[in-house]
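J.: If you want the building blocks of each chain, they are given just below.
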Amino acid sequence: MALVLRFATRGCGGASRHPTSLQGPQWSRALFTTPTITAMNNQTAEDYWAKNKRLRRPVSPHMTIYKPQITSMLSLSHRASGLALSGLMSGFSIGMLALPGSYPHYLSLVQSMEFGGVLICGVKFLLAMPFMYHLCNGVRHLVWDLGYGFTLRTLYQTGYFVIGLSLVLSGVVAVM
Amino acid sequence: MAALAALRRINRSCVIGSRFGSLRLNGLYLVPSHVVVPAATQGTSQALVPYQAKPFSVSPVSHGAPEIEQAGHDHVLHWTAERILSVVLLGAIPAAIIFPTPAVESILALSMTVHSHWGIEAIVVDYIRPSLFGKIIPKLAVGAVYTLSFLTLGGLCYFIYTDVGIINAVKLLWKL
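Same order as they appear, the protein sequences are chains E and W. Start counting the first sequence at 1; every next residue gets the next number (our numbering). Start counting the second sequence at 1; every next residue gets the next number (our numbering).
One chain only, chain E, in its complex shape (with noise of 0.2 Å):
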């Protein structure tokens, strides 16, 4: 790691170019860079995937045998706890453009059906859940947008704090 960062500084820096031997910015590339790069420069006129489908050949299995780890865990969880919300948010927005009633009228129409205390309790810690975690990881996203608690320690620390916090605050939640 420290050798291939004192390549780079010297190359970054320095003025002058060998192109007989590999040094710095070259070096790094040589070893780094994807066939990306090199696709661009070749002449063929056929698209990537275009190609690969003609041939017919079978994908490399990923999401199938990856481990889930927390660090992608709860990314995924972020994006499809906010996608929840949106999809309540939006639903019922919509939802009382739409409808007649005004949102008391709907309300006790639901307090008429006398659900169990338990049962509201629960639906409230489902409900708040989702909300709570958003909340709590979107204050850790933004703590590594500061640029903030990247080491694998720090993530995994982080990661369990709030998956406990969140469920610590919806807990309170329910039962108020």
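It should be emphasised that the hints constitute simulated quantities derived from the structure, not laboratory data. All residues carry an ideal CB built from backbone N, CA and C; glycine is no exception. Do not rely on the hints blindly, as some may be mistaken.
[What the hints assert, rightly or not] A partial selection of chain W residues facing chain E, derived with a Cβ cut-off under 10 Å:
hint, residue
1, Thr-113
2, Ser-116
3, Ser-131
4, Gly-154
5, Tyr-158
6, Asp-163
Chain E is fixed; fit chain W onto it per the hints.
T.: Positioned in the frame of chain E, the structure of chain W alone reads:
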């Protein structure tokens, strides 16, 4: 941590791609300040012919979705706007709880809708890709997201001004 700081310093002096605008290179990537001249015009050495740096675009090229290309140039601004809006939304929620007036609630509604819109748009752009769905459907999907968001905002504003308001609605629901 020091390595990360050093990397960041390097990256700041060189151009790197953003989520939408990258050339999908792995590892360290450095853009040379000038192009390397091929070895044929200098010296007679035939030994190591390094990777020749050819001029290429750091803006997105058409290996990805067309709509990503258009967004590529503004993406840094868009990204920053997303984060600022998240912070605004984080403040708008307690503000609306403390001051449940139509004005503050409208700010909450606007922040929620734009935040949700950018989120759903990102999901749609990520998964409804031209390589899977052709050329028309991704554009229609993004149009549908805009329609949904405008309808949601309209519905929320209607709800704030003719019905009980967002925070009140949650409070009433919680009293069940």
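J.: Find the hints from earlier in the document that the structure breaks and name them by number, from lowest to highest.
T.: none
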